[in-house]
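**Q** Next come the chains, spelled out residue by residue.
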Amino acid sequence: MPVDWYERDVLLKIEGATDEALTELAFQGEALAKVNIQANGQIDTGFMLNSVYGIGAGQDHREQVWQDGPYKSRKTGEVATHRSAPQPAGVERGQAAIHAAAEYAVYLELANSFLYRAVEQLQEQAGGIIEDVARRKGL
Amino acid sequence: MIDVHATIRTFLLADVDLAALVNTRVFAGRDVPPPGTNPGDGPCLTFKVRGGAGGYRGRDYEDALVLPSVQFKSYARSELEAYTVYRTLVDALHNGHGASILHAEEAGVGQPLEEPDTEWRFVLSFFDVMVRSA
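For the protein sequence lines, the chains are A and B, in the order given. Read in order, the letters of the first sequence correspond to residues 1 to 139 in my numbering. Read in order, the letters of the second sequence correspond to residues 1 to 134 in my numbering.
Since the hints were derived computationally from the structure, they do not count as laboratory data. It should be emphasised that the depicted structure is a prediction, and the values quoted were computed from it without experimental measurement. Careful, some of the hints might be misleading.
Here are some of the chain B residues that sit facing chain A, going by a computed Cβ distance under 10 Å [stated by the list, open to error]:
id : residue
1  : H5
2  : S69
3  : P116
Note that the Cβ used here is the ideal one computed from N, Cα and C, for glycine as well.
Could you build all of it, start to finish, from the sequences and the hints given here?
**A** Below is the structure:
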């Protein structure tokens with residue numbers, strides 16, 4: 001069953017951040033979510049891991065998402081067709097998002113959170129990331 | 001430290017309307033109902049903390065107050081019945097307070113879903129809860 005699942009907590013609003021900082025936040029959130037998926041032992045075909053991408057200010061890593069198609073389970077050897085949900089609409093200027101596009105990602109998130117946890121981790125790192133960008137910009 | 005799961009379960013079971021629907025089938029700290037439980041035999045609720053406690057939001061008050069984000073799944077025989085359980089949960093918990101719950105607030109609107117393996121119908125919802133030492 002394809003699931004489009006959006007949640008306000010997944011969108012981390014950083015007021016006053018530059019586009020560059022937002023993009024860095026999005027991509028760092030993507031990295032954190034992927035690390036959490038590995039730490040949670042939630043990799044079987046690798047499709048979900050490679051369906052996670054960040055959406056920053058006018059930039060995203062959607063092109064890295066694996067194509068829809070049949071994938072073989074490392075655990076059972078069975079082959080199943082996996083699909084990604086389309087990119088979410090409504091990520092506006094001044095926002096960043098992390099999208100776990102695999103259509104079954106919500107069930108693994110509910111069983112053992114990788115995405116919400118990533119957003120919490122990102123909240124703790126956000127100040128440092130914004131400071132880094134500001135320093136590089138000479139602000 | 002405050003036992004968040006036990007506190008929330010006690011709070012929910014004290015709600016007459018919710019208890020009338022799910023009886024004592026409120027399963028704390030779980031994603032899915034335990035083995036031997038089938039939502040086809042009667043509605044039930046599962047919930048678990050997914051984060052929040054111990055983060056920066058709770059650091060100033062960690063001994064007396066924790067602020068978890070809690071995931072709820074309202075199960076029943078049908079999607080409509082699951083939605084009834086969910087609405088009753090919202091009535092019980094949203095803006096709720098008591099001796100041990102300082103405040104609770106729903107985060108977003110519940111979403112009907114289906115378990116991929118068992119095809120059980122449920123409504124997914126999340127609440128931010130402020131739990132304090134009673």
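**Q** Now tell me, hint by hint, if it's right for this structure.
**A** Against the structure, the hints come out as follows:
Using the Cβ-Cβ criterion of 10 Å, the hint placing H5(B) at the interface with chain A is not satisfied: the shortest such distance is roughly 16 Å. For S69(B), the interface hint holds, since its Cβ comes within 10 Å of a Cβ in chain A; the closest pair sits about 7 Å apart. Because the beta carbon of P116(B) sits about 6 Å from the nearest beta carbon in chain A, less than 10 Å, this interface hint is met.
Violation of the numbered hints given earlier is confined to hint 1; every other hint is satisfied by the structure.
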